[in-house]
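So the sequence lines, in the order shown, correspond to chains A and B. Residue 1 is where the first sequence starts when you use my numbering, and the numbers rise one by one after that. Residue 10001 is where the second sequence starts when you use my numbering, and the numbers rise one by one after that.
If you are wondering where the hints come from, they were derived from the structure by calculation, not from laboratory data. Check before you lean on any hint, since a few could be wrong.
Simulated crosslink set (EDC-like; lysine to aspartate or glutamate; CA at most 20 angstroms straight-line) [stated by the list, open to error]: (1) Lys10587/B / Asp150/A; (2) Lys33/A / Glu10530/B; (3) Lys33/A / Glu10562/B; (4) Lys10801/B / Asp10875/B; (5) Lys33/A / Asp10597/B; (6) Lys10487/B / Asp10546/B; (7) Lys10587/B / Glu271/A; (8) Lys33/A / Asp10546/B.
Okay, the calculated bits of chain A under chain B, using three or more residues with CB under 8 angstroms as the criterion [claimed, not checked]: (9) 153-167; (10) 193-201.
DEER-style ranges, computed between Cβ atoms [said to hold, decoys possible]: (11) Glu10894/B / Asp288/A: 44 to 54 angstroms; (12) Asp172/A / Thr10882/B: 39 to 49 angstroms; (13) Asp11029/B / Asp288/A: 45 to 55 angstroms; (14) Val395/A / Ser10978/B: 52 to 62 angstroms; (15) Thr10882/B / Asn451/A: 18 to 28 angstroms.
Note that the Cβ used here is the ideal one computed from N, Cα and C, for glycine as well.
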Amino acid sequence: MKNRIYKIKNLILMCGILLLINIRCVELDETAKDFTGPSTFYNSKQQVESAFASAMQRLYSEWSAYSYGHWNFESDDQMYGGELVFGDDQGSDLWGAHYRSIADLNPAIKALNDDRLGTSVSQEEKDALMAQARFIRAFNYFSLVRLFGDVPLITEETNPVTDEITRTPTVDVYAFIEADLLFAIQHLPDSWPGENQGRPSKGAAKVILAKVYITIATAPLNNTSYYQKAKDMAADVLDDGIYSLVQDVSEVFALQNSYGPEIMWSFNAAEDDVSTPPQIWLPGSMADGWGDFKSDQVWGEAYPAQPRKDAYLLLEDWNGDPYTEWFGTTPYVKKFLYDSRENQERYRSIQNIPIVRYADALLLFAEAENMVNGGPTQAAVDAVNQVINRANGYVPNPADPLLTTAMTKTAFDAAVIQQRNLELCFEFDRWYDLIRKRILCDTAIPEIQQNCDDNDYLWPIPQTDLRLNPLLTQNPGYTAPE
Amino acid sequence: MEIILSQFCRKLHVARTVRKVFHSVLLLIGLSALSWQTYGTTVAKHAPVRTTENIEAKDAAITVSGKIISEKGDALPGVNVLEKGTSNGTVSDAAGTYTLTVSSENVTITFSFIGYSTQEIAVGGRTVIDVTLTEDATTLGEVVVVGYGVQRKSDLTGAISSVPVNQLTQFPMARVDQALQGRSSGVYVLNTDGSPGGNTMVRVRGLNSINGGNEPLVVIDGLQGGSLNSLNPNDIASVEILKDASATAIYGSRGANGVILITTKLGKTGKPVIDAGYNIGFQKLARKLPVMDAASFAKTFNQYRMTDTGNGNIPTPEFTDQEIANWEKNGGTDWQDVVYETGIMQNFQLGISGATDKVKYLVSGNYLDHNGILVNSQYSRASLRVNLTADITKWVDFGLNYAFTKETYKSPSFREEVAFVSQVVNNAPRWAPTEPVYDELGNYWVHSPGYAANDTWNPLASAVEPIIDNPIFKNNANLFLNFKIAKGLSLMITGGALLTNNYFRDYYNSKTYAGLQNNGWGHVNSFQNERFQNSNILTYDNTFRDIHHITFTGVIEQIYEEGLGSTITGSNFLVDQLGFDNLAGAKSIVANSTHYDRSILSYMGRVNYVLADKYMATVTYRADGSSVFGAENKWGYFPSGSIAWRLSEESFLKDLDLFTELKLRASYGKTGNQGISPFQSQARLGSGPDYNYPYNGGAATDIGFGLAGLANPNLKWETTEQTDIGMDFSLFNGRLTGTIDWYKKVTDDLLMGRDLPGYVGVNSVLDNVGSIENKGVEILVSGDPIVTDNFRWNTSINFTKNKNKVLDLGPDDRIGYRPSTGGYSLGTDFMFLQVGESFGLMNGWKFLGIWGTDQDAEARRYGQLPGDPRYLDLDNDGDVDTDDRTTIGNGYPEFTWGWTNQLSYKGFELSFLFIGYQNVDLFNTIRIRRDSFWEGTSTVLLDAWTPQNQNTNVPGMIDGKYREEQNLTNKIFMGNNSGATSQWVEDASFIKLKTATLAYSFGSPKLQSIGFQKVRVFMSGTNIFTITDYTGYDPEVAAFPQRGDANIGVDLSVYPPARTFTLGFDLTF
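Chain B extracted, bound-state conformation (with noise of 0.2 angstroms):
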């Protein structure tokens, strides 16, 4: 079936006449079923009614008042009054009271209010009409986000997250993915640095994936492909996550790392409501590594060079006596306070939104400003959102979501792929506080050798030299009709378009290392790339004899998607000052361009069948044909099938009050991974550097071509079969509610290389080989504890457990990585993947402690001293080499949970949430050098193995010569890997108060009488404080996990997270 679709498409697209000759057979068909629609039932039914209105019109208006409260009695403010049908509405007072003029006595009055079920009451000639609005925890009326539609939330058979708006805008935050966190079981994120507008990881239920990525599908008001960073939190109306296969099928494919939908707001109807805040925030780094002061780096480095008595040799202390009561009067350098400074965060918000019945609109902008507290690191993102909907007539609905963004990013070096020895955040506290920032003539301090990191270069000129202007620009654009054919039939029509513009530029001049090195360093790289997705959404939904309520959902959908991208290096500059805007400047230009598109066609059906509001089930199919398959698998068929029962339906149930919702649900299905790049299926022939030779002999070289990667027709998605079995709950009116959620992940096909033999001449080839599986539980629980009159504390717990395994690797039984750049020593098998353990272990030697003088005997075996570094012998074999290293650590964590709380008194709220990480090991690298004596400038060499100082970790400081005359045989063989130990392998679990937030909300008559609606101050904080045994900046980084989520667990010192305080106002008009 889909192949004939697709050779029709294709036939479609060679011969544009047949295409036209189809749209235009499609118009009139199109045409004629609308204008039937029109005259028949629109002068069928609508018509009478209009009669009526219009009579009606006529009549006296009149003017109702009344007050509006809660269940428990409170009065609620700002509750929506409208009348039915019109945009003549108003708002409750902070007295709950209101006040409307209605045309007629005749009409029906609606009043509603976020998490209240909305009522409508008839007017009846009634001039006062009071309202008991009721909370709509379960209400049949909720609806929640599905792809390609949205279902009543009680009908849902999925597992699916909602993660509650008014807990995203409860902290001042500049990103939505960082304010998931902690937010919804099954979600796990990780700031994976901390620089402004740096990079937050999110996976939802464990990783499936080992090279085809882990990055959840986010999808914004239905397009495809969107990006958490550039959207403003403000704008958004609800967020979902969608978990199980049932849930993710609908997007084949795509759907295995788990679905974010995102739907942006709406105006209300109403009268139009300006919303507009600012804050600011001020960031300090939160922790500091414990350096010592320069007369005790000073005094123990002189201590640690006098033991350099081996070979005969006469050693001088490094520092004189004068130098050290210099610094003892005096200090030295801090250098973290070198590069870092007060950090500030401005946000601005502007917007406009309101609604008739016919148009709802949403104008909305907002501009952040970050800087960091890296010195030279700074965010901004200027953002416009335009929202549309409009019945343009009984039939068809039109709308528009428009958004434009611009960012801009720059922070100094501390990335992977940036040379080691210019890594500001790893050098700054390795740097000895004995060096000045600069010399006598002001330039930057070269490092003194023999000590410290007198292999790197200053921080500062590593931090502020720099020049890094990276604009991104975003602009989206999503287009629909909706035409409602028949009761209960619609179609919807969509287009859309994610065009994304990034030019990013470089200078590193000759003050950087990088500079220095190449005589001026500079880059220019323009990447552009555009998407479009044409989506048609079929939709029927109908309830029959009252208890079979039926929804279909159809869907042809298209992506196509194209990227152009070019880069230029240039080197040799004559003239510093010209950088990156004239790269012409320099002696020696590379330039590069890359070119690739893809495209996705697919096919999908749901059916969600709903008996007596009781037992529910849906099915799903979907077929995704793409481009980036192999020629042998373009097409990948993702079915799913899902069942649940609400129990509380039941009579047997409903007779002990005691549920207000229990439902179980069951899913089971499958979903695919497409994370390869096109062209990944075809032979490839290589050209550049490595090909190019001189065949002619000439002084040139010549072009070469050859042979660079081989083509597999074969290849084809990752498939991941989920199962899933969850319950819902909610107990005491709904006042406590929870869910709880089982599931099994196994994701096969994995996209790795597939090792070839030498004499292919191709090192591997993408295919599909291995297979991972996860396994966890959910549960999320939240309640109102307490809901007096005046005072109310609403709570939520979510707890995560995900326990990966890893099944089958193809041929191996295990995959090395190495995971760090140069610096440290950890050879090539520290971080692996093998079968039947989970992702993010690491692989190295077990540190028993310092060898003890009452262990002399034992550690001459060994060939060590009292004070040495003691090392597990696993195998016995009286030495320690390859053969006795072991795991030393996971990096993944075992559980996470967040725990949310809202108190409210009067118009004061108090909103907080800690999250925690369990059982997560920490590979701390700067340990490594840090805490040597050769190079340390940690506190903990204070610390160090004396005979009279024998209870600590740190080795002592042993004479050479003494070391010399014991004749010892050196019995530890560690080679190259000598970094690799469990000595810098940490706790990383920590409990964190990640953000606090009090606001008071002013709601009073007079404001309301000089046109404010609202008016909410607040203060925040963020990362305020954290429990953790961990040493390093922060337990909550990844080490670079864009080199593979099996790298996890490895701290290679990424921009440290800052604490933030937060100062600010919302004005509601």
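In isolation and in its complexed conformation, chain A is listed as follows (with noise of 0.2 angstroms):
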């Protein structure tokens, strides 16, 4: 009887060892929970394209013009203040968003390599990602080759954490943007449909190539036979006919206008999406403004009388008053404040920052025909005088006046250079065009002129990223840490 009690314990017993022992025996695999990683991610186009977002994020947040990526460029001609004594720390800023938006292309890109994405979208639609992925990290070189010089190339193959990474020779760096430019010219659509009008098109890639060859021709390497391609380049974007220039001025920048017909590729602007105010570009007797950039005022004034002008220039505010009575004294940027008052005085703007435009296309031709046929032809004197024409609303202005076949070159190439110095401006374009023609010790504020010098044209490799990688090497004119 009492063994038979001590069974029926021993058996209740054992049930609940048996639930204790139970707790099954724990995972240290990782699998995460709120957070996927780049190995199992990009599955999908839609997961493919959210990398292309936060790529252009990285940059928007440093680049566009309602952020302080400026401040890194106001040494040009153009900008108030400034000052051509470079610290060790100049454009790591822009550095560091360039580089990080290629990390989140690369997984992207190696994924598409990979073919992760299997048979769930059709070939074309892969190509036209990849050709997406390969636009925006070429334009991320192309910004970084132009600033640094030579810089590390860090392609979907690299481990940037356990390579040996070194600087990358300029002109590698050029045959990798061109290849990428290639594919995407080859696969991007001329066009996308409403719904994707934001996105890059061909012909923005073209111009972008164009743009590239030109830098080619020009310093730091010189070789003037990419002028011919720079021209062909350009010439297909003006055959193509997808583009024209919008006939009224001022309302290049309208905000309908934002998608074309000349605007090709912009920083996208939405609602939802608030980077730093439009007050940066403000007086403060407009919507509490900031003034943190605005024209120098020698720059600003000797800008020609012309409807352009207007359009490109604020010179008076909401109650009238002339720029002379803002701080600076000097005329204030108006591209970038064509969204409402109302909004402005929301401390938002959902204007559209142009990266390409159908202008810019035209100067790049005349620029190019140019220099490949000895002297201005009238293809190339017809594509300048498409803007300044319109610049001067289509009537003859002795302060800007249209460009003639009998020009020399060299006069015709300046006027050029002029004409994208005042259609292009503040549009991140001048300072390119100052070190690749190396103009900027003539050009720049004559109070810093005596503080330029040839190595301005580079800005120093980031001090953070020499300490930490001892293969890499410092730009000359500035310091390497010990």
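Got two chains here, each in a separate frame; can you build the complex from them with the hints?
Below, the structure written as structure tokens:
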């Protein structure tokens, strides 16, 4: 009897033990719960596209007109302030932004190479995805190589932590950019449907490649054989007939023209993406503006009087008070202030910031055509005059006269660069013209010219990178950490 | 071996069928083994005993009585007197006498009393048995809780501090961690803020880690990761602090910061005991910061304003004579009086405990309600504990520890993460006394512009208006079955769960700053954490040939933890009234959710060998597999070894008859700190607003996913190697005891973000870099200097000195920190870590006082005038710039001490505790603004420099026009770091009478006759007085250590500790 009771007790106990032991053996392999990693992502078209959104956001947060990436360029001749004594951290924020953008793109490119999408999308769509990825990556490297010279070339095959990273020669970086852009031109569509209108098109890729070629033709590589390539590529865009100038200069930056016919690719702005407000461009008398960026007074006052000046520069505020009463007594910048007054007073703007537009294509064509032919052809003159005519409201204006085939090659070239100066002002372009034409020291604001030297044509490799990777070298004129 | 087992486990997990088979096999083996045990042992050994008992039970009952006294002849009331093996017992009365009717003249009676050796006396037919109990200061029988078991205190080879429970309960206290302060050497306890239920920081033997966390592991009844906050102090039976590697290595990758072991109470054999207690405490702000009265402030500010004559300015006074006259008559606002009130703390306790020879139980309930000194601050805790053990059979014990707590915590903002503008503790003493609380319409007053803290929000509004509700529910359960397999061999299987639910809600209406900015601002934040632990402990304890005592402990343990959280933030409310009860009323809603899990699988073994009670050695080895480690480093191994020699057992010392105990100890071992959040070793894609972008060019952004973190497959725990040499002694028959330890700890593979080059695209990756050393000495001496018949004085002093040094910081020699929020000019590098230096260093300019009139020429060389502050030009290059910065303070104390005393006279008992922290600096940030003329309210401004009053550290008011005329070129270049000067660094050493209690216990037979065993009434004080040169609220604050211990030493105006007076009583039925 007693034994039987013991047996029953044992049975109950054993059930208890079983319950306790039954707690599962723990797993030591981790599976992330509330985030994903690059090795398990990019499995769908939408996931790949989310990498493009992030890659562009990295740039937007530094480069867009509504952030402070411009500080880096205030030493050109257009912006107020500036000092041609560059610190050892000059441009390090842009360096970081571009490489963060590249780091977003490379795993997506690798996933496309590995065909992680499989049969879920057509080859054509895969190619279009790859084309967008390589387009944005090329844009990143084009900025980096122009600003910093030889730069580390991080591709989808690179492990930037464990690999030995050195600076890749400028010429090789350009070859890499060219390959990316050629692929993009081949596979990007001529245009995107309305709901995707903000994406890069074939035309945008062509203009950027034309600019790459013309940059290779000028300093520092000075490979003049590339003028021909630049001319052909730009001519392609003109011949395509997809894009054209907005006829009224006061409407170039109007919101309804954000996605064409002139603007070909931009930093897109949206209602729910409030980055730094437009106040950085506004004088204090408008919407409590901060006036961080404005034109240099000499440059602004020298800007020829024409409808374009009123369209691109802010000369008076809402009360009609002139710029001479504002802080700095200099014209401010109107290009990025085409959103409504109401939005500006709400510290926001949904105006896009153009990166590529048709006027640029016309001017690139004119510059290359002139160089290839040893003087201005009628085609070159026609291209520039489209821009000048519009600037003058289609009436003759001695302050900004039309160009002619009678001009010398040199005079015509200078006139085209000057048109770029006026037409593309504050669109992140002037600095590149100054350095590729090596005219920085001649055109810089007089007060700071004495500080200009050839070392200013490249910015320093950031100190952090030099400190953490001894294989990197510093550009001349800058210090390296001990 | 571990890998094989883990793979085995994985296979089990995958194939459930296999596991079932495995379990069935285990079940069969277990059944047969246990059956054998039951039938074999029980029949062979126990059966005859049972027969004897049965026979004896037929014998006649007899009554035994007697008196129980101590060795000194004192009567001992409250001694448990029990017929052995039964629940038949009584307790001695106030005169020490007892009467007990036992079942037979052949039984044995057990006499037990805390602090005395238990005696067993066979009745042997006697009816009068007088007993003398001896105090057991060093008795062999005293056991100490060590990880996964207990050890005789005499057998210990490691450094373990036991905090006597009678010391913990001497003072009424809300929380266990606070009660540990000053009690134990090697344990540094700091109240990081004084808010009800606020944070306490506990550090065992210094700081080992920069980012991995320095919190000791808390183990409550075997369950790891417990919370000291939510434990009812009345439920504690013992507290042990494991300090050296020999003691902590048993916790492997979680042991590096020390381990606090807490065992909760169980009933004692005898009749059931009911404890009831109540106390009420009244709290006051211990010290007010001195603020000028309204009239003085107005006059001082006017005087300053009139010096604003630079740039051709013609100044006008801010305040009119009439206004000043009015304030002289009617006074102004004392903002500290406005936001501080008398706090009230009430504590209710009710417990029932008891035991029979088979079952022990304790049920304890506690309710704490605490309204703090800052208005609208409150903490409450309701807790219920049920502890139960039962001997189910001769060979199986069963036990359950269950605790439930509900806590609520709220306080106005004083924390760092809150906008500085509404930081009440900081703003109140900075608001000018000339400002009223409300305007004529009864709205909160907005600070007048132009002086004092006009960039901040009305302190009363900031304090009272936020609605905060934060209930936290905790359910802790731990079950065990203990199988007594054979003599000395037992297997304990435990399963425990810790469940925490936190539901935080707050709402800031438009009367608050945040609410106005956001048009109403509310949060609902819920978080749930569950942790399961299964420990399987095999213990073998046996003595061979009377001199070889071996204890073996083997453990297989697994822990799984999962956390779920969500946060909703609403702003832009149409109606203020609904607040967090209906966030749908918000126009803008941001939601977020999180989810993580982690697991640990561990194997551990320990052998403790004692030879002839003289020589002893312990070896432990633990292997931890943790999910949070990188793929290449899933397993960590933590060995330790220690030896001890009890010299007092050697004949040459025994003959001296001097030492009751003298033991030398040495230990060495490795422990880890796995302060890594889950998934840190994995590459991570980020998402959210920082990644979204309107890529398609629509009206709204498109979702972006970008690289946010890189994988580090090599990521592992921090490793601490510790050497300890110690000595325990006991003299004069146990009246003087002490422990001295020296230790050295080196922590390697510190978890830190390793900077990455910009071209990687991610700023840093968590990695194992860097190394830190801690060295220290700990001394604990206690004794009974005076013991007479009626009077006894017990005293204990502990002393801790710890020095730490940064040995390596990876690629850098120096890492700077900025400890402050906005509002103070501390730049980016004020606190820093530097190779070769200790934690907590401050970096800035040395303040040398005020330029005197006799230093006019020298002052002018720096562009200064007599009356201006003078700073050290370290490199003597004629200016004060970045190159002149140097170390100006250290926030970590050189040594700390505590002194406890217990004096008893008849029924009276007086206890008090002094604590002291020596050679420590605090950066008193609030002074930067309070002590400046531009906006200061401090009374020190009344002592400003003038040519007649040059012996001061307060700069003078210098006329602006006069200064201009001197045509000076300023050579002080501090930029935005101008706050970083030694002017604000103060010596924060202090001596504090932390607590004192006067109690009286009634133990008269009269009370006993009406059912009371004990009645104790007491009055008590906390933070009674502080001796310090520090001028802030309290030197015993640490600023926001949640940002890392390297930030210790900056007073950023946290909730000040209160002075408390408590009255209460405890009843025992």
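Which hint numbers does the structure go against, in order from smallest to largest?
-> 1, 4, 8
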